[in-house]
Amino acid sequence: MQLLKFIQQPWHWSVSGLLIGLTVPVLLILGNKVFGISSSLRHICAACFPANITFFKYDWKKESWNLFFAAGILLGAFIAGHYLQDGQDTQVAAATRERLASYGIHDYRALLPPEIFSWQQLFTWKGLIFFVIGGFMIGFGTRYAGGCTSGHSIMGLSNLQWPSLVATVCFMAGGFASANLFIPLIFKWLH
Amino acid sequence: MKNVKYLLAGVFFGIVLVKAQVISWFRIQEMFQLTSFHMYGVIGTAVVTGIISLQLIKRFHIKTLSGDPIVVAPKKFSKGQIYGGLIFGLGWAITGACPGPLFAQIGMGFSVVAVTLVSAIAGTWVYGAIQAKLPQ
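Residue numbers (the numbering used here), protein chains in the order written: chain A, 1 to 191; chain B, 1 to 136.
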């Protein structure tokens, strides 16, 4: 029980980073698989809606390990979310809490604010921006960039690939612009 | 089933993503508002761990479980890493997720994120459809 209590606390960044980094050699040793998750979205398109598009004409079944890995993430998160949480509020920096309060976000009980991430928001402007447009940018952007945080920022940088460094710098630049310019504007406009 | 091991690797990774809180919209806002070191610590440690692991694999010619040599293809540069990277970055801060965390957010109980995932699949599809017309 002591061990379970220990695991249920939020993990320190060094432990978390170490375990995420170890996914790189684990996948290589398991079967020469290159860490990267956004490819799973492409395989889903190739499997379900290829629509005679050249980009989706390949043997996706050969890459099906990636879909199993993605399904595993879903399952692992279910286990962690239901059995490995300590029930405490998410600890967030005071300066960020202050900024989020001005957006109307006050609920820190989970890892995501219910003021945005709930079904009631789906058919509102908030839902359109945070789910539909945001999701579209993730799918379009990662495929155009040839990878995401896992494929470029972790796998690519681990293999000292400069194109992955370019991609990572652009991910960060986009994120800074979004969090400091666009998100404040979106909430200003919504209220 | 040879794919079960990847499912298990995914389960492990999914647990880590939740416990590391890197799938938290709050943590992503902190990272981009520069109010917490957490995300930088996680990503930095992960990259250092990955670099050391790959160096060890190369130095000691470590093989896969089935005895094959480990090979990692180099990444090719394209303008997509700039344009696509910026577009993804914008979406990352808005949703608080990259593709892996989308699966994790759904798994931990935020079922509405399934809409975000469907939209991300649509984004990938549209990229595939117009790829030839985009600067590469």
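Please note: incorrect hints may appear among the correct ones.
[Unchecked claim] Computed cross-link-like contacts, SDA-like style, restricted to lysine to any residue with a CA-CA straight-line distance of at most 20 Å: (1) Lys57(A) <-> Leu134(B); (2) Lys5(B) <-> Leu75(A); (3) Lys79(B) <-> Pro163(A); (4) Lys58(B) <-> Phe49(A).
[Stated by the list, open to error] Some but not every residue of chain B turned toward chain A, in silico, with C-beta under 8 Å: (5) Ile43; (6) Phe60; (7) His61; (8) Trp125.
It should be emphasised that the hints constitute simulated quantities derived from the structure, not laboratory data. Since the structure is predicted, the reported quantities are computational estimates derived from the model, not experimental observations. Ideal placement from N, C-alpha and C gives every residue a C-beta, glycine not left out.
To see whether the hints hold, each was checked on the structure:
| no. | hint | in the structure |
| --- | --- | --- |
| 1 | Lys57(A) <-> Leu134(B) | 19 Å, holds |
| 2 | Lys5(B) <-> Leu75(A) | 14 Å, holds |
| 3 | Lys79(B) <-> Pro163(A) | 10 Å, holds |
| 4 | Lys58(B) <-> Phe49(A) | 39 Å, violated |
| 5 | Ile43 | 6 Å, holds |
| 6 | Phe60 | 11 Å, violated |
| 7 | His61 | 12 Å, violated |
| 8 | Trp125 | 5 Å, holds |
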